[in-house]
Every structure is written in structure tokens, then in C-alpha cells.
Amino acid sequence: MSNRYSAWSLLRGALARHANWPAAWRDADPKPAYDVIVVGGGGHGLAAAYYLAKNHGITNVAVLERGWIGGGNTGRNTTIIRSNYLYPESARLYDFSLRLYEKLSAELNYNVMVSQRGLVLLAHSRHDLDAMSRWANAMRMNGVDAELIGREELAHWAPGLDLSPGARIPVLGGFVQRRAGTARHDAVAWGYARAASALGVDIVQNCEVRGFVTADGRVTGVETSRGRITAGRIGIAAAGHSSVLAALAGFRLPVTSYALQALVSEPLKPVLDTVVLSPGTGAYLSQSDKGELVIGAMLDLFPSYAQRGSFAITQSILAGVLAMFPAYARLKMLRQWAGIVDVVHDSSPIIGPTPIPGLYINCGWGTGGFKGIPVGGWTLAHVLATGENHPLAEPFQLERFTSGRLIDEAAASGIAH
Amino acid sequence: MMIIPCPHCGVRDENEFQCGGTAHLARPPLDASDREWGEYLYFRDNPKGGHRERWRHAYGCGRWFNVVRDTVTHEISAVYPITEPPAR
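Chains as they are written, first to last, in my numbering: chain A, 6 to 422; chain B, 6 to 93.
Bound-form chain A, shown alone (with noise of 0.2 Å):
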């Protein structure tokens, strides 16, 4: 079913002048029962099913999508890839999560166009370069590349970036991680589905879990809109939604979902190859390969699940960019969207056992769970197989919200929130 892709497939489909490609993944009737169940067809679901099948040799797994894989947040982001965080145990999780990414289109057979482009940071005070001194010597202390750069350097990162004297938003400096980059969201998505679907995972779309059934307090199974299913190890993969799943399954969750928007403009010429990160402004931008500035706003700071951003944010982010980057200024936005985001205290993500013996969920990474969507897979496929927390993930567990122990990233999270 699942085709080998290579410059000979590719060569072969064009002389049968690609009529004969077959689905690039097999969309499954559910089984009435499962060793393994993950809820939700994003990337980190997926990406748990594929690791499960790779990694753990579990293959008797189905992955249960509400709607259509990588509809939600995996369809929502800005793309980017990066892992320049402030914490050790941040620095080894996000970095395992770039380095899978790197080698991801050969893993999975499937490009999914990882681009390297780097991530400029701007500094817009003295205290903003205080600040990321900080933050780029922390990075290299945990063996994550980061170079401070100057403004000399920042006219050639980033050209049209306004650095006169008389500019609205200074720009002093930054810092830059060049192994960030982007890669492309619905690739990977559909690279997972492809790869875990030739091992012999079911990817079971239009399947709302609208239940959880136990037995002696362990979770023994799923009722869903297609019927109840059973399985010994269920996790979660639902980002935004994670707080619904928990409210069906009998506990509460210490995230609050919120709306993060995004837009886009109309496709330039080339312009800006790298990713530019203010966080001053609250505003990010890289331009995609078809040439549109994809543009990540902050978060619109009231609770949402309405999938769709508030204006009076689209206005504050737009007129951020133009502060800094004035050329733009004629260019018409396309498009705008919203994807609902689990924000925790902490700005760092759970990955573990919850309350309920049986039932796993990865959850939490709020702004950033584009990026940790290798890592994130790898770690619920590890907790979910052999029933002990990868040690990635042993710092982030739900029991820091009763110890104490939180890993505050919510300055290197990128964004205010």
C-alpha cells in the first residue's frame, strides 16, 4: 500500500503520468479493540502511533481523530522549528526534538521540507540584551548552539529590518540559533500518518471520544461517536481539548486553552530567509517557499476555544511588523486563523501518567507544540509501552504543580503569555 518514495517511484509515476500513486496512508474503520489507543490526530498523535509501532514493535494501535488528521493546531502554526530554551531539562527535550526533525525526511520517507533557516531573536533595550546574553550563554552551556549578533550582523539576517536611528522600534542586537528553522506542518503530519499507517497502525478520522470506560478505577476503553472501543493504554494527544478529555475521564488539568492566531500575506518574491522572532513586539515572521510572510501573533489572553483570533491583536501584531519592517507596509494579508492552545503555568509541556492507572496524555506545550511534536510522539510512545516516563520527560509531570517544581519557560517560550 504505503510505496517506497524515491527518485525511481517518482521517475515510474510520472511516466504513468501519476495516475497510479496510491493513498499515502490507509483511513481505517475502528476495531472493536486495541492494545494502544492515542485521542487526536495531530502530529504528537500520530507521531506517539508511529514511535509505538518503530520504537516498542506495538502495532495493534489506532490513533482516534475527531475531525481530519492535522486539522487542528499541526494545521495552525507558523511552522517553526527551534529549540533555544532557558532550562537544562527544556534544552535536552526540545533539542532531541530539532535533531529528530533533522533526519525526519529520511526516518519517515516523506519530505518534510526542514529548513534551516535560523531564528533571529531581536533585542529592542539594553535590558533585552541582558536578557538574551543570558539566554544564548544558558543555550550553549546545555550544548544548544546560539550566537549573540549585532546590529551589523541583524542588516544582514534580516534585510528591511529598520535599524536608522530614527526608527520607532529600536533594534540594539540579538541572538540567533541557525540550526532553527521551519519545516512544512501538514508534511509532517502526513509523513507520521503514512509511515505509521504502513506498520500497521489504524488512523480512524470523524471519531469523537465522547467517553472514557473503566474498570476498578483503570481505564479499559473509549466510547466514541463510532462506538465503543477498547484498550488496555489509552493517551491523549489533543493540545487545546486536553482539559474536555480530562473533564470525560474525571479530573482537571492545570491548563487554560487560549487562541493563538496567525496570518499570512499575499506570495512575495524572496525577501526574508531566515525566522525573526521580537519578542518585544510579540511578533514573529518567516516567509514560506511559496513566498507568502507567514506572520505568529501572541496570545489573544482570555480563555477560547473559538478557532479564530481577535482582531484587536491581528491590529497590535500588524502594526508591530510595520514598526519594524516599514517595506511591508502595502502588502495585503490572505489569510488568518486561530488554533486553540494549552497553555500551562509553567509554559512547558506534561508528558506522563495522569490520575486515572492506564490513561497517559502529553499535553501543555501551549505556543510551541509544533516544534515538540517528534520528542513529544517519542515520550507517550515510551510511557505508553513500557509504563515508566522516559527520562526526556520524568521533569515534566503533572506532580510539579503539587511540588513545586515547575520549569518556568515562559520568558524562552518565545512569546508573551
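These aren't lab readings, by the way, just hints derived from the structure by calculation.
Warning: the hint list may mix true and false statements.
[To be verified] Restraint ranges, calculated between C-beta atoms of paired labels, are given here:
{"id": "1", "chain 1": "B", "residue 1": "Arg40", "chain 2": "A", "residue 2": "Lys337", "range": "49 to 59 Å"}
{"id": "2", "chain 1": "B", "residue 1": "Ile87", "chain 2": "A", "residue 2": "Pro331", "range": "50 to 60 Å"}
{"id": "3", "chain 1": "A", "residue 1": "Pro331", "chain 2": "B", "residue 2": "Gly67", "range": "26 to 36 Å"}
{"id": "4", "chain 1": "A", "residue 1": "Phe316", "chain 2": "B", "residue 2": "Ile87", "range": "24 to 34 Å"}
[Said to hold, decoys possible] A few chain A residues that face chain B, going by a derived Cβ cut-off under 8 Å, partial list only:
{"id": "5", "residue": "Ser248"}
{"id": "6", "residue": "Leu258"}
{"id": "7", "residue": "Pro259"}
{"id": "8", "residue": "Ser262"}
{"id": "9", "residue": "Leu306"}
{"id": "10", "residue": "Phe406"}
[Claimed, not checked] Derived coverage of chain B by chain A (criterion: at least 3 residues anywhere in the stretch with Cβ under 8 Å from a Cβ of chain A; other residues may be distant):
{"id": "11", "segment": "14 to 24"}
{"id": "12", "segment": "37 to 51"}
{"id": "13", "segment": "71 to 85"}
Don't be surprised by glycine CBs; every beta carbon is placed ideally from N, CA and C.
Could you slot chain B onto chain A? The hints should help.
Frame of chain A; chain B shown alone:
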């Protein structure tokens, strides 16, 4: 853009307000266990639907008030003083 009725100033744009999160959270006693304290600080119902929450008219009168707002439609169904018990 949400339009929010400030009980003191009248109907204003969302930009003038700041959301203070879930309303009616009761601070536990000083001898609370770590678990109770953690629940109070961090754990939330985070409902999809009606949510009682605090708002402040930051760029107006500066005063706090409570609303019941739907987190899906953003529709505000009740506005009531910060000192009042939970509205339905």
C-alpha cells in the same frame, strides 16, 4: 473584536479590558496541603462553553467585574459585580 459591557462605563471594545481568569476561586486556608495549594494555584476547569470570569476595565474606570462568557462563541450572557456570588 469582542464588545464588553462595563457595568460602570457602558459598552466598550475588547482592547480596553484585561481578563483576570476564572472567578470565584477561594483561597485555601494557611494550613492547606501542597495538593490543595497546587489545585488552587494551577488547576482549572477550563470549560468549553459557559465560563465565569473576572474582567477589568483597564483603560477605562479600572474597576473589576465578573462576567459569564461562552468560550466558544465569546457571547457574554451575564455581567455582575465582583462581590456577588456566582451567576448562573
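Hints, one by one, checked against the model:
no. : hint                           : in the structure
1   : B:Arg40 - A:Lys337: 49 to 59 Å : holds, 53 Å
2   : B:Ile87 - A:Pro331: 50 to 60 Å : violated, 43 Å
3   : A:Pro331 - B:Gly67: 26 to 36 Å : holds, 35 Å
4   : A:Phe316 - B:Ile87: 24 to 34 Å : holds, 27 Å
5   : Ser248                         : holds, 4 Å
6   : Leu258                         : holds, 7 Å
7   : Pro259                         : holds, 4 Å
8   : Ser262                         : holds, 6 Å
9   : Leu306                         : holds, 6 Å
10  : Phe406                         : holds, 4 Å
11  : 14 to 24                       : holds (count 5)
12  : 37 to 51                       : holds (count 10)
13  : 71 to 85                       : holds (count 5)
Comparing the model with each earlier hint shows a violation of hint 2 alone; every other hint is respected.
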